[in-house]
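**Q** Listed here are the chains, written in short residue letters.
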Amino acid sequence: MAIEIPVEKWSGAVREVTLGATTDGGTRTTTVTIGGETTLPFLQFEGAMPHRPVIAAEVVDAYPNEWPAPLLAAWGDEARDPAAWARKAVAAGAEVVVLKLRSCHPDVHDHGAAEAVAATKAVLGAVGVPVIVYGPGVPDKDNEVLVAVAEASKGERLGLANCLDKNYRTIVAAALGNGHVVVGQTPIDVNLAKQLNILISDMGLPLDRVLVDPTTGALGYGIEYTYSVMERLRLAALMGDTMTQQPMICTVGEESWRQKESRAAEGVPAQWGDSETRAVIWETTTAVTLLQSGADLVVLRHPAAMAHVRLAIDELMTVGTVEALTASSATA
Amino acid sequence: MALSGLQIYKLLPQTNCKECGFPTCLAFAMKLAQKGTELAKCPYVTDETRAALDAAAAPPIRLVTVGSGERAFAVGNETVMFRHEKTFVHETALVVRVRDDDPDLAERAAWAAGYTVERVGMTLRLNGVLVENRSGDATTFARAVEAVHTACKESPLILASEDPAAIEAALAVVGAERPLIHAATLANWQAMAALAAGAGCPLAVRAGSLSDLAELSTRLTAAGVEDLVLAPAGEDLGDDLALSTLLRRLALKKNERAVGYPLMVFAGRDDVVDEAARAAVAIAKYASIVVLDHLDAALFYPLITLRQNIYTDPQKPIQVEPRLYQVGAPDAASPLLITTNFSLTYFSVSGEVEASGRPCWLLVADADGQSVLTSWAAGKFDAVKIAKTVKESGVEQQLSHHRLVIPGHVASLSGECEEELPGWEIMVGPRDAVDLPNYLKTVWSAA
Numbered sequence: 001m002a003i004e005i006p007v008e009k010w011s012g013a014v015r016e017v018t019l020g021a022t023t024d025g026g027t028r029t030t031t032v033t034i035g036g037e038t039t040l041p042f043l044q045f046e047g048a049m050p051h052r053p054v055i056a057a058e059v060v061d062a063y064p065n066e067w068p069a070p071l072l073a074a075w076g077d078e079a080r081d082p083a084a085w086a087r088k089a090v091a092a093g094a095e096v097v098v099l100k101l102r103s104c105h106p107d108v109h110d111h112g113a114a115e116a117v118a119a120t121k122a123v124l125g126a127v128g129v130p131v132i133v134y135g136p137g138v139p140d141k142d143n144e145v146l147v148a149v150a151e152a153s154k155g156e157r158l159g160l161a162n163c164l165d166k167n168y169r170t171i172v173a174a175a176l177g178n179g180h181v182v183v184g185q186t187p188i189d190v191n192l193a194k195q196l197n198i199l200i201s202d203m204g205l206p207l208d209r210v211l212v213d214p215t216t217g218a219l220g221y222g223i224e225y226t227y228s229v230m231e232r233l234r235l236a237a238l239m240g241d242t243m244t245q246q247p248m249i250c251t252v253g254e255e256s257w258r259q260k261e262s263r264a265a266e267g268v269p270a271q272w273g274d275s276e277t278r279a280v281i282w283e284t285t286t287a288v289t290l291l292q293s294g295a296d297l298v299v300l301r302h303p304a305a306m307a308h309v310r311l312a313i314d315e316l317m318t319v320g321t322v323e324a325l326t327a328s329s330a331t332a
Numbered sequence: 001m002a003l004s005g006l007q008i009y010k011l012l013p014q015t016n017c018k019e020c021g022f023p024t025c026l027a028f029a030m031k032l033a034q035k036g037t038e039l040a041k042c043p044y045v046t047d048e049t050r051a052a053l054d055a056a057a058a059p060p061i062r063l064v065t066v067g068s069g070e071r072a073f074a075v076g077n078e079t080v081m082f083r084h085e086k087t088f089v090h091e092t093a094l095v096v097r098v099r100d101d102d103p104d105l106a107e108r109a110a111w112a113a114g115y116t117v118e119r120v121g122m123t124l125r126l127n128g129v130l131v132e133n134r135s136g137d138a139t140t141f142a143r144a145v146e147a148v149h150t151a152c153k154e155s156p157l158i159l160a161s162e163d164p165a166a167i168e169a170a171l172a173v174v175g176a177e178r179p180l181i182h183a184a185t186l187a188n189w190q191a192m193a194a195l196a197a198g199a200g201c202p203l204a205v206r207a208g209s210l211s212d213l214a215e216l217s218t219r220l221t222a223a224g225v226e227d228l229v230l231a232p233a234g235e236d237l238g239d240d241l242a243l244s245t246l247l248r249r250l251a252l253k254k255n256e257r258a259v260g261y262p263l264m265v266f267a268g269r270d271d272v273v274d275e276a277a278r279a280a281v282a283i284a285k286y287a288s289i290v291v292l293d294h295l296d297a298a299l300f301y302p303l304i305t306l307r308q309n310i311y312t313d314p315q316k317p318i319q320v321e322p323r324l325y326q327v328g329a330p331d332a333a334s335p336l337l338i339t340t341n342f343s344l345t346y347f348s349v350s351g352e353v354e355a356s357g358r359p360c361w362l363l364v365a366d367a368d369g370q371s372v373l374t375s376w377a378a379g380k381f382d383a384v385k386i387a388k389t390v391k392e393s394g395v396e397q398q399l400s401h402h403r404l405v406i407p408g409h410v411a412s413l414s415g416e417c418e419e420e421l422p423g424w425e426i427m428v429g430p431r432d433a434v435d436l437p438n439y440l441k442t443v444w445s446a447a
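Protein chains in written order, with our numbering: chain U, 1 to 332; chain C, 1 to 447.
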């Protein structure tokens, strides 16, 4: 039976954003470009998905002793040294390293700009992949250390995170003057995401240097809100709304491993099953689900989850042609 | 596709006899289009008109019921491509596969069928068992189906064999329980159609391409089988996504009746995590039945959770009643905590307080069913709301202290709260519920 495939053509496209630079101050050996889609995720029979979604691994500059045991065991002693950790992450398949400047948090070591720059330089020296640097998540401290890191790494085309409505002026200025990319984070809302893009763009930062973090809800903890906000942003982008056309980054590892389902090995119902298997599935499932709504870069924590998500992306990138999907073996 | 008022009018007698209670046939047609009255009110309606309206009113994706009794599940009737457009309605049925050459199959099936897990105050479970005719032998298959049915009486069954003789033998045992037959193929469809029609059972259609699925379903409906399920034979996640998306789109946007049926995906992989990933794509992207191979609680629980999340109505977050709750048996010296009425938030907090072994007063504010962070961002959980909730609850009379623990996510509200609640000490709790037991043990006890 002849079936006419309902192919959808879109007028808009997601912007391409490149992380990392190899020249003019950049010392990366590889760069990573994400975005560029002219179709919904993976539907390559009707549009282009020129770049695979990318897997980033989280590296912390102060030993994250609050992380659950399976994570700490997976990274071993390397987790005590950000440079060694970054190398191990790249060996495990990370295409981008996310460096969290946790040591700068007032409740941890309250490190300042000098230590933040040293940690960033150590990671940049250890690996050739692009790096996204996160401040400790305390507004004043974020500004202090991220500006210092941006200046000391001029030309590296780092990602600077997070760029919020509260501090965007500082972070965008630091990116503008030093050739970096910003990660604009807003709390699970289409209009807030658009609004921040407009503010960033009004300061003169080209939108091919902006990633959108829609705020990730983990499986069981608000994933459906993130999922639908991302789906709406991506549909708007494809319909031509220029302030929604940024590639999206999801902090899957952090959110997934924060939840009880990933942290509790004892004192939970037997119906939850083996704790480490469950935790890796929790992270993998969160990532693979958000890839369906438009994630272009997922930040993960467990090396096993990285491997499983990579396999899922491999398979999703092989979506067949219309001919293959409709070929008939039936005789009338 | 629903007909417009004018389209319906053209099918009516156009005599304006008023016997339907409306002044004109056009007024009656308009009301029909809005589903505000019934066609039966017109005494002169023709059979053709009735058939045309019935066909137009049929859902674009047929609702198919599998099993009988309380545990029967219904899938289909979906009307949107994206959950934010309205909502997905009939949750994906999660089914486990057992094989008829497995000596422990009845025990394994019974374990999976009896699996339940609590989440946000609800008891959630899997939906059924698929028995596969791996042995290739009809008698072995029928015995296996009987053993599984005996071990889990209530559980809906899927009978999986491409051999009509094996299906016939199994139907002799459980045909009255409305099992789903899997599957009709290009090679066996006549015999399968006869078996399904004879037993009144739903039938799955298996083929590798959209054209073959449509061709088969057309032949099967002509042969009298109306309750179909489409099982596109995808090789991997990419095939699953493309085939399911196109089938859903054909049914909803092109009103293609030949593919207007629920979809079924086999998610089985060698590795349990890869199986979870494949099932996740299927749940998010349009599968109504997902078959699992690993009988593993660490797989079931995340997938049951994902299904609940994706199928939650975006317009109606799951809520609890805003009021004062007692966790354990609190007394006048027990801690007072406040949070929002998003169901997940409430159950996370109350669960952790319960686990801490320390009775607490838990005050739940009306935040339109949103989480702490979301409602705070939307201005629905601010210092004024917190103060109002405390005052209206009457909790003050129950307590010998004036200390209120607010969620760590709204730590920035503590100053304003102290202004709004003179005489109260505002304490900042942890951001995540999971850290509450430790907080109660250390910070609260030291205060």
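One or more of the hints may lead you astray.
In silico lysine-lysine, DSBU-like type, Cα no more than 35 Å apart, as pairs [what the hints assert, rightly or not]:
| # | chain 1 | residue 1 | chain 2 | residue 2 |
| --- | --- | --- | --- | --- |
| 1 | C | K391 | U | K260 |
| 2 | U | K260 | C | K253 |
| 3 | C | K385 | U | K141 |
| 4 | U | K9 | C | K380 |
| 5 | U | K141 | C | K380 |
| 6 | C | K254 | U | K166 |
| 7 | C | K316 | U | K121 |
| 8 | U | K260 | C | K254 |
| 9 | U | K9 | C | K254 |
| 10 | U | K194 | C | K391 |
| 11 | C | K253 | C | K153 |
Not close to chain C: a few residues of chain U, all C-beta gaps over 10 Å, as computed [to be verified]:
| # | residue |
| --- | --- |
| 12 | A91 |
| 13 | E144 |
| 14 | G155 |
| 15 | M203 |
| 16 | T242 |
| 17 | R278 |
| 18 | T289 |
| 19 | A305 |
| 20 | A312 |
Covered stretches of chain U, going by a simulated chain C footprint (3 or more residues, C-beta under 8 Å) [to be verified]:
| # | region |
| --- | --- |
| 21 | 41 to 51 |
| 22 | 122 to 136 |
| 23 | 216 to 225 |
| 24 | 244 to 254 |
Please keep in mind that the hints were generated in silico from the structure rather than gathered at the bench. Note that beta-carbon positions come from the ideal geometry of N, C-alpha and C, so glycine has one too.
**Q** Against each hint, give a clear statement of whether it holds in the structure.
**A** So, going through the hints one by one against the coordinates:
| no. | hint | in the structure |
| --- | --- | --- |
| 1 | C:K391 / U:K260 | 32 Å, holds |
| 2 | U:K260 / C:K253 | 41 Å, violated |
| 3 | C:K385 / U:K141 | 30 Å, holds |
| 4 | U:K9 / C:K380 | 40 Å, violated |
| 5 | U:K141 / C:K380 | 28 Å, holds |
| 6 | C:K254 / U:K166 | 47 Å, violated |
| 7 | C:K316 / U:K121 | 48 Å, violated |
| 8 | U:K260 / C:K254 | 44 Å, violated |
| 9 | U:K9 / C:K254 | 16 Å, holds |
| 10 | U:K194 / C:K391 | 38 Å, violated |
| 11 | C:K253 / C:K153 | 40 Å, violated |
| 12 | A91 | 20 Å, holds |
| 13 | E144 | 19 Å, holds |
| 14 | G155 | 36 Å, holds |
| 15 | M203 | 23 Å, holds |
| 16 | T242 | 21 Å, holds |
| 17 | R278 | 4 Å, violated |
| 18 | T289 | 5 Å, violated |
| 19 | A305 | 8 Å, violated |
| 20 | A312 | 4 Å, violated |
| 21 | 41 to 51 | holds (count 3) |
| 22 | 122 to 136 | violated (count 0) |
| 23 | 216 to 225 | holds (count 7) |
| 24 | 244 to 254 | violated (count 0) |
Checked against the numbered hints given earlier, this structure breaks hints 2, 4, 6, 7, 8, 10, 11, 17, 18, 19, 20, 22 and 24; the rest are met.
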